[in-house]
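Residue numbers (my numbering), protein chains in the order written: chain R, 1 to 280; chain C, 1 to 217; chain Y, 1 to 207.
The hints are simulated quantities; they were obtained by calculation from the structure and are not laboratory data. A few of these clues could be false.
As the list claims (entries may be wrong) - Here are a few chain Y residues that face chain C, going by a calculated C-beta distance under 10 Å:
1) Pro27
2) Val42
3) Met102
4) Ile156
5) Met180
6) Ser189
Cβ atoms here follow ideal geometry from the backbone N, Cα and C, with glycine treated the same way.
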Amino acid sequence: MASIIEKLGNTDRRIIFILIALSVIIPVTTHLIFPNPVGAEPSRDMYEYVDALPEGCDVLMSFDYGPSTMPELHPMAIAITTHLMRKDINVVCMALWPEGASLAQEVMSNVADSLGKEQYEDGCNLGYKTGGAIMIVRLGSSMNAVFPTDRDNLPWDEIPMLEQISDLASFDLVITLSAGDPGVPAWVMMAGDRFGVPVGGGCTAVSAPQFYTYLQTGQMVGLLGGLKGAADYETLVGIQEGPAVEGMAPQSVAHLVIMLFIIIGNVAYFSEKKKKGGRE
Amino acid sequence: MNWEILGIWLGAALTLCLYSFLYRDNPFYKFAEHLFVGMSAGYWVIYSIENILKPNWWQQMFPEGGGFNWIWIIPGVFGLFMLARIIPKISGLSRMAIGMMIGTGAGLNMVSFFQTNAMAQVKGTIISVSSGGVWTIFSNTLLVVGVITGLVYFFFSKAHTGIVGKTANVGITILMVAFGASFGYTIMARISLLIGRCQFLIFDWIPTIPRLLGIGG
Amino acid sequence: MRLIIPLAITFVSGMIMVLHFFVPHWPINIMGDNLQEWFMIVTAAAIFLGALNLMHVHFRKIKLKLKNWKYSPVTIIGFMAMFVAGLIYGVTSARPFDFMFMNMVAPMGSTMFSLLAFFVASAAFRAFRASNWRATLLLTSAFIVMLGQVPIGAMIWDKIPLAKVWLMTFPNTAGQRAVMIGAAMGVVSTSLRMIFGIERSYLGGTE
Numbered sequence: 001m002a003s004i005i006e007k008l009g010n011t012d013r014r015i016i017f018i019l020i021a022l023s024v025i026i027p028v029t030t031h032l033i034f035p036n037p038v039g040a041e042p043s044r045d046m047y048e049y050v051d052a053l054p055e056g057c058d059v060l061m062s063f064d065y066g067p068s069t070m071p072e073l074h075p076m077a078i079a080i081t082t083h084l085m086r087k088d089i090n091v092v093c094m095a096l097w098p099e100g101a102s103l104a105q106e107v108m109s110n111v112a113d114s115l116g117k118e119q120y121e122d123g124c125n126l127g128y129k130t131g132g133a134i135m136i137v138r139l140g141s142s143m144n145a146v147f148p149t150d151r152d153n154l155p156w157d158e159i160p161m162l163e164q165i166s167d168l169a170s171f172d173l174v175i176t177l178s179a180g181d182p183g184v185p186a187w188v189m190m191a192g193d194r195f196g197v198p199v200g201g202g203c204t205a206v207s208a209p210q211f212y213t214y215l216q217t218g219q220m221v222g223l224l225g226g227l228k229g230a231a232d233y234e235t236l237v238g239i240q241e242g243p244a245v246e247g248m249a250p251q252s253v254a255h256l257v258i259m260l261f262i263i264i265g266n267v268a269y270f271s272e273k274k275k276k277g278g279r280e
Numbered sequence: 001m002n003w004e005i006l007g008i009w010l011g012a013a014l015t016l017c018l019y020s021f022l023y024r025d026n027p028f029y030k031f032a033e034h035l036f037v038g039m040s041a042g043y044w045v046i047y048s049i050e051n052i053l054k055p056n057w058w059q060q061m062f063p064e065g066g067g068f069n070w071i072w073i074i075p076g077v078f079g080l081f082m083l084a085r086i087i088p089k090i091s092g093l094s095r096m097a098i099g100m101m102i103g104t105g106a107g108l109n110m111v112s113f114f115q116t117n118a119m120a121q122v123k124g125t126i127i128s129v130s131s132g133g134v135w136t137i138f139s140n141t142l143l144v145v146g147v148i149t150g151l152v153y154f155f156f157s158k159a160h161t162g163i164v165g166k167t168a169n170v171g172i173t174i175l176m177v178a179f180g181a182s183f184g185y186t187i188m189a190r191i192s193l194l195i196g197r198c199q200f201l202i203f204d205w206i207p208t209i210p211r212l213l214g215i216g217g
Numbered sequence: 001m002r003l004i005i006p007l008a009i010t011f012v013s014g015m016i017m018v019l020h021f022f023v024p025h026w027p028i029n030i031m032g033d034n035l036q037e038w039f040m041i042v043t044a045a046a047i048f049l050g051a052l053n054l055m056h057v058h059f060r061k062i063k064l065k066l067k068n069w070k071y072s073p074v075t076i077i078g079f080m081a082m083f084v085a086g087l088i089y090g091v092t093s094a095r096p097f098d099f100m101f102m103n104m105v106a107p108m109g110s111t112m113f114s115l116l117a118f119f120v121a122s123a124a125f126r127a128f129r130a131s132n133w134r135a136t137l138l139l140t141s142a143f144i145v146m147l148g149q150v151p152i153g154a155m156i157w158d159k160i161p162l163a164k165v166w167l168m169t170f171p172n173t174a175g176q177r178a179v180m181i182g183a184a185m186g187v188v189s190t191s192l193r194m195i196f197g198i199e200r201s202y203l204g205g206t207e
């Protein structure tokens with residue numbers, strides 16, 4: 001028995017890799033779906049805040065992520081944009097990360113097409129600007145100064161849905177989808193605390209725990225943390241078999257496998273420690 | 001040529017090249033890694049030109065209606081100073097541009113961090129620890145005690161002995177719980193990324209194989 | 001003298017931003033607004049500098065035949081492909097630049113980071129030990145979060161998600177807030193040191 005535990009403790013890393021891969025591949029291939037209950041989570045707060053927004057209001061969505069975190073943040077972006085557009089809310093997109101500009105366009109085009117919405121009337125993509133928090137401060141005094149044109153170089157004045165927009169305060173909500181810096185902190189500091197615009201959004205699971213402080217103080221209206229947050233939003237919006245909800249089953253299995261690894265590692269560790277103690 | 005299928009195959013091939021690293025470092029991985037670095041840099045430069053330099057600098061300096069706004073020469077000169085870094089003889093000029101960037105960032109961060117990440121957090125910690133049910137009182141007390149003791153732990157100007165040491169010990173215990181939560185979330189994040197790639201390979205790429213070979217629909 | 005002008009620029013730009021926060025009126029607002037717009041241009045130049053440096057490093061690697069130089073042309077070709085496609089066709093959707101981003105850069109970026117899933121599992125297996133009571137607490141907290149975040153947690157016991165929400169809202173918030181306040185004070189003091197020229201290592205020396 002002791003030798004088996006010892007062997008398990010010295011498992012080759014490639015075997016661990018294979019088991020992790022299988023724990024994801026098998027549930028994905030077999031279309032295993034677990035129901036995703038949404039409790040009193042910050043994702044529900046986010047949904048309820050967006051749901052309470054009146055028709056025709058303006059929301060700024062900032063795509064502050066790149067391909068590296070797409071699997072977590074892209075489903076959120078799709079679910080939130082779908083929710084906003086279904087409610088006939090004007091969606092103005094921008095990006096603090098260069099790759100975010102392309103990803104925003106993909107989300108906008110797909111969601112707008114599926115809901116029969118028009119670019120430049122129901123939604124537009126202003127594109128990428130560098131500068132992070134410093135640029136956001138400038139947005140607080142003039143949007144047009146930062147975005148003289150949209151992503152495709154169409155002048156601001158020629159975009160009908162931007163007629164009523166002058167600065168950050170013109171928006172009823174700022175939603176940031178953030179993979180790091182610049183992201184949530186910059187928006188909370190500038191848009192939220194400096195200009196008084198409500199801020200909500202989503203972030204990678206890695207950074208979610210640190211933003212719970214902003215939730216408790218009311219500096220954020222809601223937060224989607226990682227794939228679970230995205231799955232919650234998909235569930236609440238009623239997106240059938242969205243990528244995040246589908247991802248919850250492999251996520252569950254992989255978590256169990258990793259927990260099992262940690263338990264085996266600890267059993268082997270204590271067994272070895274006991275053996276050494278016995279020898280002494 | 002079906003561009004959609006070509007795109008999927010390109011994505012799948014590069015994905016598999018990168019995953020080959022799990023076995024060991026190899027030429028396929030290195031190829032994809034180097035390609036990624038080059039293409040990402042190209043992407044950043046093009047977006048800097050198209051979304052920043054063209055609309056926010058060039059078109060401001062030379063407006064559509066004609067004329068010339070001399071004030072925009074200043075950021076242009078600072079930008080050139082920044083680029084001077086690659087020429088050893090005049091690389092000292094880049095300090096001006098760096099100074100401007102650092103100064104602007106420091107000025108903004110000083111007040112913003114103090115307002116958002118210090119004062120607002122202190123305000124958020126001033127909560128009632130005597131109202132509500134037993135569980136609420138316990139939870140709120142834990143929050144207040146956790147923040148104070150955590151801060152004591154990070155206060156290194158005084159030796160962690162005696163009462164300070166004991167308080168810091170409570171702080172480190174709360175921090176351990178917070179770090180455990182962060183670890184749990186980190187695991188989730190990494191697995192989510194893997195799920196995303198598996199979904200792409202299984203749902204987008206594999207179905208194109210029979211189509212490409214002329215088998216099935 | 002080499003440092004005086006950059007330090008003066010740092011001081012002036014820093015003070016403009018501080019004053020802009022407290023006095024957002026003429027003439028500070030004009031100065032602040034201009035500085036913020038100029039900052040974007042200089043940052044864009046910094047991106048150019050990064051790209052030029054990348055090219056310089058790889059051309060040098062090829063010239064001197066340094067380790068792994070055979071892959072350097074791949075980086076250069078990748079850069080040029082995106083650069084030329086972007087200049088000719090622009091960044092609009094369904095053009096070569098966008099095609100290369102969506103089908104090459106995006107999959108590679110996602111995959112690169114998803115590799116971490118394997119390494120984090122392996123690291124957890126080898127290093128995550130309940131060697132003392134605090135480490136056990138960390139482990140327990142991680143397990144509650146890992147189970148509470150996924151549907152299987154609720155299937156095992158419906159109180160696990162509630163425990164996760166409590167853990168995130170109270171002990172986690174307390175710990176994260178202590179870190180946040182501590183770091184904020186660090187940012188404030190470092191920023192002050194930079195604005196007043198006490199901290200000048202970013203200029204490449206202390207002379």
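Outcome of the hint check:
For the restraint placing proline 27 of chain Y at the interface with chain C, the shortest Cβ-Cβ distance is roughly 14 Å, beyond the 10 Å limit, so the hint is violated. Interface hint status for valine 42 of chain Y: upheld, as the beta-carbon distance to the closest one in chain C is roughly 5 Å, under 10 Å. Hint status for methionine 102 of chain Y relative to chain C: holds, with the closest Cβ pair at about 7 Å, below 10 Å. Interface hint status for isoleucine 156 of chain Y: violated, as the beta-carbon distance to the closest one in chain C is roughly 15 Å, over 10 Å.
The interface hint given for methionine 180 of chain Y is met, as the beta carbon of that residue sits about 5 Å from the closest beta carbon of chain C, less than 10 Å. For serine 189 of chain Y, the interface hint holds, the least distance from its beta-carbon to any beta-carbon of chain C being 9 Å, beneath 10 Å.
Hint violations for this structure: numbers 1 and 4, all remaining hints satisfied.
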